[in-house]
Amino acid sequence: GAVVSQHPSRVICKSGTSVKIECRSLDFQATTMFWYRQFPKQSLMLMATSNEGSKATYEQGVEKDKFLINHASLTLSTLTVTSAHPEDSSFYICSATASDGTDTQYFGPGTRLTVL
Amino acid sequence: GQSLEQPSEVTAVEGAIVQINCTYQTSGFYGLSWYQQHDGGAPTFLSYNGLDGLEETGRFSSFLSRSDSYGYLLLQELQMKDSASYFCAVNNQGGKLIFGQGTELSVKP
Chain A
1 GAVVSQHPSR VICKSGTSVK IECRSLDFQA TTMFWYRQFP KQSLMLMATS NEGSKATYEQ
61 GVEKDKFLIN HASLTLSTLT VTSAHPEDSS FYICSATASD GTDTQYFGPG TRLTVL
Chain B
117 GQSLEQPSEV TAVEGAIVQI NCTYQTSGFY GLSWYQQHDG GAPTFLSYNG LDGLEETGRF
177 SSFLSRSDSY GYLLLQELQM KDSASYFCAV NNQGGKLIFG QGTELSVKP
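Sequence lines, in order, name chains A and B.
Numbering follows this note's numbering, with no gaps: position 26 of the first sequence is 26.
Position in the second sequence (from 1) plus 116 gives the number in this note's numbering.
Please note: incorrect hints may appear among the correct ones.
Listed below are the simulated BS3-like cross-link pairs for lysine-lysine, each with C-alpha atoms no more than 27 Å apart in a straight line [to be verified]:
(1) A/Lys64 x A/Lys20
(2) A/Lys41 x A/Lys55
(3) A/Lys55 x B/Lys212
(4) B/Lys212 x A/Lys20
(5) B/Lys197 x B/Lys224
(6) A/Lys55 x A/Lys66
(7) A/Lys41 x A/Lys14
(8) A/Lys41 x A/Lys64
(9) A/Lys20 x A/Lys55
(10) B/Lys212 x A/Lys64
(11) A/Lys64 x B/Lys224
(12) A/Lys14 x A/Lys64
(13) A/Lys41 x B/Lys224
(14) A/Lys20 x A/Lys66
(15) A/Lys66 x A/Lys14
(16) A/Lys66 x A/Lys41
(17) A/Lys66 x B/Lys197
(18) A/Lys41 x B/Lys197
Hints are computed from structural coordinates only; laboratory data are not their basis.
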């Protein structure tokens with residue numbers, strides 16, 4: 001149980017284009033999902049908290065107009081990187097909190113974004 | 117401010133025991149979690165301490181001392197497949213996780 005999927009696993013795009021990443025909880029409902037970014041050999045940095053049916057809460061320094069988050073259902077959250085630039089190239093990982101009372105976060109497999 | 121400190125890298129041999137320490141200084145604290153991440157993969161949950169003391173899960177154990185703002189992950193009977201990065205993370209308000217910089221564990225034959 002508690003499986004989280006992400007799609008796509010890898011994406012290469014041209015500078016200036018937008019990229020959408022999906023995060024799904026496959027066997028549980030997640031009222032809260034989180035989006036992280038991880039640069040090579042570095043830690044996971046929380047970008048935003050995604051709550052079903054309401055606006056996402058962004059961490060300090062994260063541009064909400066550049067990283068659009070939508071949490072339309074209890075099993076799906078999407079992150080759209082708008083007008084991507086090479087410095088946005090990173091590993092984007094989502095997580096979802098299982099509603100089992102432990103607040104354990106289960107992570108998706110990540111999406112490797114490369115902006116040319 | 118929020119900060120977590122853990123060693124950047126640790127090397128050990130197969131069959132050995134290794135301890136990865138984590139000290140933290142955060143504005144909120146609900147517990148300490150540990151995650152394992154293999155190169156290019158997703159973090160996988162290992163252990164959680166909400167209260168002081170030792171939690172044991174198979175070959176992995178985790179300890180927390182809230183008064184010392186300190187915890188550790190203990191890995192026993194090391195195997196080659198345990199080579200990975202290990203992150204401590206503070207569970208904060210709203211279910212957020214604040215991650216340490218990670219410890220790269222290399223297990224040698």
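Margin query: Holds or violated: A/Lys66 and B/Lys197, Cα atoms, limit 27 Å.
Written below: It is violated: about 38 Å lies between the C-alpha atoms, which goes past 27 Å.
Take the C-alpha atoms of B/Lys212 and A/Lys64, compute the straight-line distance between them, and say whether it is at most 27 Å.
Distance of about 18 Å is within 27 Å: holds.
Item checked: Pairwise hint evaluation, B/Lys212 against A/Lys55, where the allowed Cα distance is 27 Å at most -> 16 Å, holds
request  = Could you grab the alpha-carbon distance between A/Lys64 and B/Lys224 and see if it respects the 27 Å cut-off?
outcome  = Status violated; Cα separation ~44 Å.
- Item | Proposed proximity, A/Lys41 with A/Lys66 (alpha carbon, max 27 Å) | Satisfied, since the Cα-Cα distance of roughly 24 Å is no more than 27 Å.
task = For the pair we were handed, A/Lys14 and A/Lys64, check the Cα-Cα distance against 27 Å.
result = 21 Å, holds
Satisfaction of hint between A/Lys66 and A/Lys55, Cα-Cα up to 27 Å: This hinted pair holds, its Cα atoms lying about 15 Å apart.
Restraint status (C-alpha distance of B/Lys197 to B/Lys224 at most 27 Å): 10 Å, holds
Review point. Given the hint that B/Lys212 pairs with A/Lys20, does the C-alpha gap stay at or below 27 Å?
Key: Satisfied, since the Cα-Cα distance of roughly 23 Å is no more than 27 Å.
>> Does A/Lys20 sit within 27 Å of A/Lys64, going by the straight-line distance between their CA atoms?
In response: This hinted pair holds, its Cα atoms lying about 14 Å apart.
With the threshold set at 27 Å, check whether the alpha-carbon distance from A/Lys20 to A/Lys55 stays at or below it. 17 Å, holds
query: Does the alpha-carbon distance linking A/Lys41 and A/Lys55 stay inside the 27 Å limit?
result: Violated, at about 31 Å.
Hint violations for this structure: numbers 2, 11, 17, all remaining hints satisfied.
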